[in-house]
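Peer 1: Residue strings, one per chain:
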Amino acid sequence: MLKKENATLATDIPIKPKIKHSKKKINLAAIWTISPVTIWLLLFLFIPLFFILVVSVMSRGTYGGIEYTFTLENYARFFEPLYLRIIVVSIAMAAATTLICVVFGYPFAYIIAQSPAKYRTLLLLLVIVPFWTNSLIRTYAWIVLLRTEGVINTILLKIGLIAEPLTLLYNSGATLIGFVYTLFPFAVLPLYASIEKLDRTFLEASSDLGGRPWQTFLNVTLPLTFPGVVAASLLVFIPTLGLFFISDLMGGAKTMIIGNLIKNQFLTARDWPFGSAASIILMVLTLMMILFYLKVSGGKTDDTELL
Amino acid sequence: MKARKGFRLILVLLILASFIMSGCGSEATTDSSDEKVLNVFNWAEYLPKKVIKDFEQETGIKVNYGTYSSNEEMFAKLNTGQGQYDLAVASLYYVDVLIKEGLVEEIDQGKIPNVKNIGEEFLGKDADPEDKYSVPYLWGEELIVMNTDLVDKKVTSIKDLLDPQFKNSLVILDDPRTVIGSALAVLGYSPNSTNEKEIEEAGKWLKKLKPNIKVFDSDNAKALLASGEVKGGIVYGAEASLAIRENKAIEKIYPKEFLSLWQDNFVIPKGAKHKENALKFIDYILRPEVSKEIVMDYPYANPNTEAVKLLPEDIRKEIDIPEEEAKRGTHMKDVGEATVIYDRIWAELKQ
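Here the protein sequences line up with chains A and B, keeping their order.
Take the first sequence: its position 15, counting from 1, is numbered 15 in the working numbering, and each next residue is one higher.
To get the working numbering, take the position in the second sequence, counting from 1, and add 307.
Bound-form chain A, shown alone (with noise of 0.2 Å):
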């Protein structure tokens, strides 16, 4: 009895503190973990944002340095017919890759997601391994496959398929194939994801209630997959905006896209309020597409977690 109580005293006693005690360790943890990540997002996004914001209203010194007077001229230039010009090329390139990337990558992504549980993992992963390579280096692999006298050229000679040789590489086509093949897992990967957590009584429902394939493919597994097509679309056609160096070296550098346009105002025209201005213009026009996939998928599953 006596050990009883004392034990129970024993356990009381401690218990008020334990739990003080425990609470400002929660705190303390959560200070220690989160202060690093919030430190790193204010250093290194935030605060050069912010330059960027102020950076993109100052006028270009003589000697392309910034002069601080205020000017909204940079955001008006962009209205001129020329630059309206390259963001409508650089949307029309982009929509192009990620209509690509979403037909071709969704039976791929299909396909997987049905296979066996064991092949699965080997799939996905034959999917990521081109990216342990550096993408210059297999952009200048493309190179080498589509040149004049590359290896497509030269094999299609050899059966005699063409006289001459095909102008493959520098045209926008070749720009398109570099994008498509840089973009295309981050098309499959998430398409995977929402067509594996497809739940497949739906699929028989359909079935069972007389729907033919493609009936139950349109009216059940696009709508129920389709939060997936929009996340791969987005992270297809985002990136697409800033490569600038696939449109250099396998377009020939003959077409700018936006991505170009901004290098070349820090690294030739030395005008930097300008490219400021235009990547400003970038992220506006981007952080729109992502409010509109919030919109799209919004509430009714957890694919936000991607954003």
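Since the hints were derived computationally from the structure, they do not count as laboratory data.
In silico contact screen, one side only, chain A against chain B (beta carbon under 8 Å); selected entries:
{"hint": "1", "residue": "T62"}
{"hint": "2", "residue": "G65"}
{"hint": "3", "residue": "L82"}
{"hint": "4", "residue": "T148"}
{"hint": "5", "residue": "E149"}
{"hint": "6", "residue": "T167"}
{"hint": "7", "residue": "G252"}
{"hint": "8", "residue": "T255"}
{"hint": "9", "residue": "N264"}
{"hint": "10", "residue": "L267"}
{"hint": "11", "residue": "T268"}
{"hint": "12", "residue": "R270"}
For glycine and all other residues, C-beta sits at the position ideal for the given N, C-alpha and C.
With the hints as your guide, set chain B onto chain A.
Peer 2: Relative to the frame of chain A, chain B by itself:
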């Protein structure tokens, strides 16, 4: 739960991928406490590693070597991070800008005895008339090249490149300043024009040339030429020399209307922490036998007349720019505010 796990895996993979996607950068470490250090900033593919190693061995000074691929990039770095580099290399028109912006230190030529090896015609240039801030490194030209196996026409001028037979088969430098400068010269204006109307006219002329341009490329033109990917174009002299080493059918042509020359000089950025070491390094590079070694690897024209004497006959021929051609050549000048116009015309051309 399973789905969440899947997402987390994919998120991690995507993050990993995006890291690998990001490009490359150069680095330079600064260590002011250690006197035996030198931070050098130079063009990529411009100085053999062996030369740096030999210098390190001889002097015990550790060289941190960073590279860039355009004058503008170099300028941006020097402009933002003072004291980061002890020695940099800049083309003459950027030496001009660096001096005007007060970004370089004076150089005491008394501490570089080997300056005596530099030919007189390379000193006292407009950008630095009293040689107070810079010392010549290498120089060269931009010229027309033609693969005579693929082209019958005798090309003598930039204008000849408009010929429809060159449709989609030329390589042109990816450099707004020089290419628009060449077009200005074709039209009879100064290649250093700051007149908006003239520059716009040059842009129109280039639009006529554009159907013939297969690729804009400054650094890899040699491979395109040697493999026959392009029939010809406008390239740096050294790129032409390297292409000829691979393919004898390629021919250098000094364009009739205008020959663009460039010269790269050493400068010491403002706030350099190891100035003495920088001077030692310049003096070392200017030794005839060292300078010769550099040109053996990178066949650029050399202002070091003593070094040229040491070169084997074939390389001397390779880098030679005939005197009468060099005389009529024009150096690019900084165009100040007009740079923005050049950029706009360039963007228009690349639509």
